[in-house]
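Trainee: Listed here are the chains, written in short residue letters.
There are 2 protein chains.
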Amino acid sequence: METLDTINKRASLKTRLSPRHVEQEKIEKILDAARLAPSARNSQSWRFIVVKDKETIETLVSKAFSERNAVVSEAPVIIIACANPSDDLTIGGREYYLFNVALAVENMLLAATDLGLVTHPMTGVDEDELKKALRIPDEVRFVVATPLSYPAEGSYEEAAQERLSQRTRKDLRELVYWNAWGRSL
Amino acid sequence: METLDTINKRASLKTRLSPRHVEQEKIEKILDAARLAPSARNSQSWRFIVVKDKETIETLVSKAFSERNAVVSEAPVIIIACANPSDDLTIGGREYYLFNVALAVENMLLAATDLGLVTHPMTGVDEDELKKALRIPDEVRFVVATPLSYPAEGSYEEAAQERLSQRTRKDLRELVYWNAWGRSL
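Protein chains in written order, with this note's numbering: chain E, 1 to 185; chain Z, 1 to 185.
Take these hints with a grain of salt, some might be off.
Which copy is meant is left open, because identical chains are indistinguishable; a pair holds if it fits in one copy or across any two.
Below, simulated DMTMM-like cross-link-like pairs (lysine to aspartate or glutamate); rule was C-alpha separation at most 25 Å, straight line [to be verified]:
no., residue 1, residue 2
1, Lys29, Asp53
2, Lys63, Glu28
3, Lys132, Glu2
4, Lys29, Glu74
For the record, the hints were derived by calculation from the structure and aren't laboratory data. Computed from a predicted structure; not experimentally measured.
So here's chain E without its partners, still in its complex pose (with noise of 0.2 Å):
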């Protein structure tokens, strides 16, 4: 699919997910898609635990995601995004693995929908229990999970349309200042 075309198309569709066998070989194109984003310094922070064992992905959904997450239990693939903040920058403050890991899983969720695959961060996950359940250890940090699967329905278009539809997201104007803050055009 064209890059703006999938920029444009990319949702989160927890409720479209499909039980079907995601292949190998897709799985590894994501992957790879993440390991190419920049990173503050090249830090390439990031690390992914690829999840298909079903019974993992059970006691993930029954111990670690919140109840409004639970949809995902549907899914045979749960990718979940970490890392150490030792490993990366942080500045005045600012812990940069957050920023270096998203710009990997913007990556993952864009081939993934260019795959015609459905995706969806979560955020809402306990932790400590995640952590328990991957053998993740104390110093490194959870940041985003998102289920991997094909749509329910017939096609990735199929199954984003209504959601595209009800797509919420602040004018322009609101988001973008020109020269200084608060100047518009």
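Please arrange chain Z on chain E, whose structure you already have, making use of the hints.
Mentor: Below, chain Z alone, put in the same frame as chain E:
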């Protein structure tokens, strides 16, 4: 450009900037791509300041940007991404404004690449001086800045070629675990 191609060809190219005018329409396409990113609880805490005023760019370069970023004085446009942390989630000490702004920034970098334009995310910035120059309120934090320009060379591909050939990224095996931390496939 195809999405996976764009992800693969995006590079940080501050030494390849042309002073050539960048059309307003292209700048707005790039900002619109940023606007369409997801954010935790749809916070959309990202704010962008687009600097086209030559004198303001000179002030940023001489006062706020680190010396190794002085080359961006050539750029006709500098985009600053910032956010008010209190407009966004903090979960277990993780300040998600940094995460959410980065999702939008990655869309912006990819949209620019797709349009044949050059970017280079920079974090080496004196935040106080930058905020003074752009009259950014105290409570708003600087996250990242990037020049936006046409490539000095005839095409994006020519401009990026050398940099891409020298790209260093960790192997997927260092970055990805399967079903639990530390487990390989």
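Trainee: It remains to establish, for every hint, whether it holds in the given structure.
Mentor: Hints, one by one, checked against the model:
no.	hint	verdict
1	Lys29 to Asp53	within (20 Å within a copy, 41 Å between copies)
2	Lys63 to Glu28	neither (27 Å within a copy, 43 Å between copies)
3	Lys132 to Glu2	neither (40 Å within a copy, 39 Å between copies)
4	Lys29 to Glu74	within (22 Å within a copy, 36 Å between copies)
In the structure shown, a violation is registered for the earlier hints numbered 2, 3, in ascending order.
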